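Sequence order for the protein chains is A and B.
First residue of the first sequence? That's 1 in full-length UniProt numbering, and the numbers climb one at a time after it.
First residue of the second sequence? That's 1 in full-length UniProt numbering, and the numbers climb one at a time after it.
One or more hints might be untrue.
Stated by the list, open to error - Heads up, simulated SDA-like pairs for lysine to any residue below, C-alpha to C-alpha not over 20 Å straight-line:
1. K19(A) with E29(A)
2. K89(A) with K18(B)
3. K18(B) with N105(A)
4. K89(A) with E131(A)
Unchecked claim - Computed beta-carbon distance windows for the label pairs:
5. L20(B) with T55(A): 24 to 32 Å
6. A115(A) with P250(B): 52 to 60 Å
7. G187(A) with L184(B): 52 to 60 Å
8. V282(B) with Y203(A): 53 to 61 Å
9. E204(B) with R112(A): 42 to 50 Å
10. G129(A) with V35(B): 47 to 55 Å
11. V282(B) with D123(A): 44 to 52 Å
Said to hold, decoys possible - For the chain A half of the interface with chain B, some residues (derived, Cβ under 8 Å), not all of them:
12. I51
13. Y76
14. L83
15. L91
16. P103
17. L104
The hints are simulated quantities; they were obtained by calculation from the structure and are not laboratory data.
None of the values given here were measured: they were computed from a predicted structure.
Just so it is clear, CB atoms sit at the ideal spot from N, CA and C, and this is done for glycine as well.
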Amino acid sequence: MIQFDQVTKRYPGGNEALKNLSFAIDSGEMVFLAGHSGAGKSTLLKLIAGIERATSGGVLVNGQNLSKLRPSQLPYVRQHIGLVFQDHKILFDRPVFDNVMLPLNIIGFDRRDAAKRVRAALDKVGLLGKEKSMPIHLSGGEQQRLCIARAVVHRPSILLADEPSANLDRAYALDIMELFKSFHQVGVTVVISAHDETLMEDYGRRIIRLREGQFAA
Amino acid sequence: MKHFLYLHLLSARQALVKILRQPFGSLLSLLMLSVALALPLALYLGVESTQAWVGKLTATPQISLFMELSAEDADLAAVKSSLAGNPKVKSVSFVSKAEALAGLEKRNGLDGLAADLDSNPLPDAFVVTPVTLEPGELEMLQKELSGLPMVESAQFDASWAKRLYGMVELVRHLTLFLGAALGLALVLVTHNTIRMQILAHRDEIEVSKLIGASDNFIRRPFLYHALWQGILAGLIAWGLTGWLVATANPAVREFAQLYNEQLELRTLTPFELLAMLAATGVLAMLGARLAANHHLRQIEPH
Ligand SMILES: Nc1ncnc2c1ncn2[C@@H]1O[C@H](COP(=O)(O)OP(=O)(O)OP(=O)(O)O)[C@@H](O)[C@H]1O
Ligand SMILES: [Mg+2]
Chain A
1 MIQFDQVTKR YPGGNEALKN LSFAIDSGEM VFLAGHSGAG KSTLLKLIAG IERATSGGVL
61 VNGQNLSKLR PSQLPYVRQH IGLVFQDHKI LFDRPVFDNV MLPLNIIGFD RRDAAKRVRA
121 ALDKVGLLGK EKSMPIHLSG GEQQRLCIAR AVVHRPSILL ADEPSANLDR AYALDIMELF
181 KSFHQVGVTV VISAHDETLM EDYGRRIIRL REGQFAA
Chain B
1 MKHFLYLHLL SARQALVKIL RQPFGSLLSL LMLSVALALP LALYLGVEST QAWVGKLTAT
61 PQISLFMELS AEDADLAAVK SSLAGNPKVK SVSFVSKAEA LAGLEKRNGL DGLAADLDSN
121 PLPDAFVVTP VTLEPGELEM LQKELSGLPM VESAQFDASW AKRLYGMVEL VRHLTLFLGA
181 ALGLALVLVT HNTIRMQILA HRDEIEVSKL IGASDNFIRR PFLYHALWQG ILAGLIAWGL
241 TGWLVATANP AVREFAQLYN EQLELRTLTP FELLAMLAAT GVLAMLGARL AANHHLRQIE
301 PH
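Based on the provided sequences and hints, a complete structural model is requested.
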């Protein structure tokens, strides 16, 4: 369960990215986040993940008020969340396998089981044959899938994807959406942001529309 | 708890593997550090080994009585009996000119020196150990002995022993100072090594933080790296001094034998070795911790 309670986010320099937002996302729900560039989609997702902190208001994630946590506690909140970053954040100095292994290392997963988990995640996104490849040799779509594998390998209860279908052709984007739907179907809370609403409308899910940090009509 | 230990062991092992695989350049800087550390360590061992002996030298001064070169056996016998009858003399040992020359040859590897010389240029000598330790009385005795027939001079050995003692004290202070300075160098060098590593792993650190790595998790490999670096530097320094001591000891032993003394440089006791490794390890971790605190703060997210 994710709940925003009159949340305002002002970046240093006075830029108000979110203005007094309140909403809730149920556990196991699949929600889309729409809005033009600069509307505040990434900011909203970062607040859920505890990567940025609200200037005022309360952000509740899995029953914890992130605004009240000490900074040193935020990493442990992130460990229960899967994140697909808008700018991917792939480590290009190591093969696909090691990129997907990273979250398991962080939570201290047993090494032998970890390798199985990594292969299962790569299999899920259709990259099993590329585990030894270097990320630079992957296509844009494959890199996106790598990010998804890394986001789900530790089986988080919440999956946040920031524009996962950007720059992909429609067929490929639909594939990716199907992938997220399959995580939703096993009970994961999924939040996906995108510019383009046409993809979302086919799914008949709730769409949170943002404009300049507020709900759009 | 078990899990926690497992993670630490894993980190420690990975850090060691990494340190052993690191580029030649960084190993070279480690070696340089070890050589630098070997210096105060060798001084420390030198001081520790000789201190007791030098102290004894000062406490039991000796007077060397050098005879005239022209002294005959009869003159020697006369001096000998007069020394034996002197109540202020505790014991006497005699070093003949032939023994002195042989010793010189042996010490300096000048075999055949005696054959090349027409006559032995060294004097016969008596080494007198006085009963008293009091400087004033010693001086009187020295004067008295130098007045014996056919005695060229009477040298009071305590003066150089005192100088030697003073020198050892000086070296001891130098050791402390050098040890402190190189401890600081160890902190600074590891600080720099770890700083470079953090900068080199910037992307990995950023991504790790983003997906839930705590500061402790991120710091851990760097701290272990530093710990190993400190311990390895200490161990190499220990090896170097061990080698130095082994090479120097024959010469030291021979030198001591000239004075009929037993002297040898010792190596570190197991306790001292452990204490030193603990110190180098902790100092290196301190450097790493400072670097990590400073540079990790600069990497988002906070
Ligand atoms: N780190 C930051 N510092 C200052 N301002 C920021 C920062 N990040 C975002 N902003 C500002 O906050 C507003 C919302 O940005 P955000 O990245 O959330 O938008 P977005 O909806 O994700 O846009 P896009 O579709 O282009 O990714 C923008 O005006 C942006 O300039
Ligand atoms: Mg964005």
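Checked hints:
no., hint, in the structure
1, K19(A) with E29(A), "violated (24 Å)"
2, K89(A) with K18(B), "violated (24 Å)"
3, K18(B) with N105(A), "holds (17 Å)"
4, K89(A) with E131(A), "holds (17 Å)"
5, L20(B) with T55(A): 24 to 32 Å, "violated (48 Å)"
6, A115(A) with P250(B): 52 to 60 Å, "holds (57 Å)"
7, G187(A) with L184(B): 52 to 60 Å, "holds (57 Å)"
8, V282(B) with Y203(A): 53 to 61 Å, "holds (58 Å)"
9, E204(B) with R112(A): 42 to 50 Å, "violated (23 Å)"
10, G129(A) with V35(B): 47 to 55 Å, "holds (51 Å)"
11, V282(B) with D123(A): 44 to 52 Å, "holds (47 Å)"
12, I51, "holds (5 Å)"
13, Y76, "holds (7 Å)"
14, L83, "holds (6 Å)"
15, L91, "holds (6 Å)"
16, P103, "holds (5 Å)"
17, L104, "violated (10 Å)"
Violated hints, in rising order: 1, 2, 5, 9, 17; the structure is consistent with all others.
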